[in-house]
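Number of protein chains: 2
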Amino acid sequence: MKILLIGANGKLGTAVHEALAARGHEIVTVGRTGGDLQYDITVAAQVTELYDRAGQIDAVVSAAGDVPYKPVTEMTPEDYTSAFHGKVLSQIDLVRQGVARIAERGSFTLISGVLAHEPIPTSSAASMANGALEAFVRAAAIEIAPQRINAISPTVFTESLAEYGDFFPGVPPVPVADVAQTYVRSVEGGQTGQVYAL
Amino acid sequence: MKILLIGANGKLGTAVHEALAARGHEIVTVGRTGGDLQYDITVAAQVTELYDRAGQIDAVVSAAGDVPYKPVTEMTPEDYTSAFHGKVLSQIDLVRQGVARIAERGSFTLISGVLAHEPIPTSSAASMANGALEAFVRAAAIEIAPQRINAISPTVFTESLAEYGDFFPGVPPVPVADVAQTYVRSVEGGQTGQVYAL
Chain A
1 MKILLIGANG KLGTAVHEAL AARGHEIVTV GRTGGDLQYD ITVAAQVTEL YDRAGQIDAV
61 VSAAGDVPYK PVTEMTPEDY TSAFHGKVLS QIDLVRQGVA RIAERGSFTL ISGVLAHEPI
121 PTSSAASMAN GALEAFVRAA AIEIAPQRIN AISPTVFTES LAEYGDFFPG VPPVPVADVA
181 QTYVRSVEGG QTGQVYAL
Chain B
1 MKILLIGANG KLGTAVHEAL AARGHEIVTV GRTGGDLQYD ITVAAQVTEL YDRAGQIDAV
61 VSAAGDVPYK PVTEMTPEDY TSAFHGKVLS QIDLVRQGVA RIAERGSFTL ISGVLAHEPI
121 PTSSAASMAN GALEAFVRAA AIEIAPQRIN AISPTVFTES LAEYGDFFPG VPPVPVADVA
181 QTYVRSVEGG QTGQVYAL
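Listed in order, the protein sequences are those of chains A and B.
In terms of this note's numbering, the first sequence has 45 at position 45, counting the first letter as 1, and numbering is strictly consecutive.
In terms of this note's numbering, the second sequence has 165 at position 165, counting the first letter as 1, and numbering is strictly consecutive.
Next comes chain A alone, as it looks inside the complex:
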């Protein structure tokens, strides 16, 4: 398949790239500042340009999402709006504009995260964004069939424990390679409307 990979330069994006390439897929990497194509998916017009430029695509996979972390009482409306634009509306736009662009039986695989269901202090914007994304995926799935859409919802990566482990005390981490395999499962499998939590 020809697969558009958004957020290709991060720790997760790199692993997803490897996992999908190992399955023989043709990957077109997209990033704000790196990758085969450089676009900012938080801007709707850039998503349009991205699809124009990418040509025929079988699957869109996203590993991109930015959200702020602060206590609820220090958050501003702009912080929540930033999380909404940075992780929710941006990924929704890949779907909204992508339905008419990708293959008839193509798929979208978006990124959520454990904080939707297992919050940590300071995660209210991240949790909000992940909960929004997961509910959108369930809703979009029943409209866009036979195209498919799933979300990947990982916990903290084993490879990120040094950096983020203190925020997830006692939480079993997941190797990023396992998360990447779940993207393969979503892209090549038959399920839709799923939130793959791991």
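Check each hint, because a few of them may be wrong.
[As the list claims (entries may be wrong)] If you want the ones that stay clear, here's a sample from chain B, every Cβ over 10 angstroms from chain A, calculated:
{"id": "1", "residue": "His25"}
{"id": "2", "residue": "Ala162"}
{"id": "3", "residue": "Phe167"}
{"id": "4", "residue": "Gln191"}
[As the list claims (entries may be wrong)] Quick look at which bits of chain A chain B covers, simulated, 3 or more residues with Cβ under 8 angstroms:
{"id": "5", "segment": "78 to 86"}
{"id": "6", "segment": "93 to 102"}
[Claimed, not checked] Below, simulated EDC-like cross-link-like pairs (lysine to aspartate or glutamate); rule was C-alpha separation at most 20 angstroms, straight line:
{"id": "7", "chain 1": "A", "residue 1": "Lys70", "chain 2": "B", "residue 2": "Glu143"}
{"id": "8", "chain 1": "B", "residue 1": "Lys70", "chain 2": "A", "residue 2": "Glu143"}
{"id": "9", "chain 1": "B", "residue 1": "Lys2", "chain 2": "B", "residue 2": "Glu74"}
{"id": "10", "chain 1": "A", "residue 1": "Lys11", "chain 2": "A", "residue 2": "Asp166"}
{"id": "11", "chain 1": "A", "residue 1": "Lys2", "chain 2": "A", "residue 2": "Asp36"}
{"id": "12", "chain 1": "B", "residue 1": "Lys2", "chain 2": "B", "residue 2": "Glu188"}
Simulated from the structure, these hints should not be mistaken for laboratory data.
Glycine included, every Cβ here is placed at the ideal spot set by N, Cα and C.
Dock chain B against the given chain A, drawing on the hints supplied.
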């Protein structure tokens, strides 16, 4: 308790008003165009004014949220943004600004809805908003204790079947009075971070 009731004029708000008043609480009703106090909670500055005006409050309960319904492919970024402002950011703002205003052991009870988990065609913005709200509630709960926060997530009301029943074929409806009792449960009970689905 002195309770601020947002969205007091709707079908649900009216029932919540009755249920809380029957329990002996003092209710201050808030609406855009009706109620004891008239404010639009989608505007942060009006939420500030609302709290200034309301004085000491023990609990905030919300039955207010507006979202657009359209197929995914007919939605615009503005539609999703409208849902975010109309149901998510507005209710988040009640909490964000309310934490410093309401009683030390006060509570927030917000409105979500069944579409977070059981979508219908055209509900992607509503589902997104409800999922966002529920995840926010779980996240905020662990930060604001001993203040509490819960969400009420009702299915279609028995009283709304004539209007909306065709959108929920075969779905068991719930009497709005039962939903209102769940607000009583949230306000007077001890739980926090809960999504009461009914």
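How the hints compare with the structure:
{"no.": "1", "hint": "His25", "in the structure": "holds (25 angstroms)"}
{"no.": "2", "hint": "Ala162", "in the structure": "holds (24 angstroms)"}
{"no.": "3", "hint": "Phe167", "in the structure": "holds (13 angstroms)"}
{"no.": "4", "hint": "Gln191", "in the structure": "holds (16 angstroms)"}
{"no.": "5", "hint": "78 to 86", "in the structure": "holds (count 3)"}
{"no.": "6", "hint": "93 to 102", "in the structure": "holds (count 5)"}
{"no.": "7", "hint": "A:Lys70 - B:Glu143", "in the structure": "holds (11 angstroms)"}
{"no.": "8", "hint": "B:Lys70 - A:Glu143", "in the structure": "holds (11 angstroms)"}
{"no.": "9", "hint": "B:Lys2 - B:Glu74", "in the structure": "violated (43 angstroms)"}
{"no.": "10", "hint": "A:Lys11 - A:Asp166", "in the structure": "holds (19 angstroms)"}
{"no.": "11", "hint": "A:Lys2 - A:Asp36", "in the structure": "holds (13 angstroms)"}
{"no.": "12", "hint": "B:Lys2 - B:Glu188", "in the structure": "holds (12 angstroms)"}
Violated hint: 9 only; the structure is consistent with all others.
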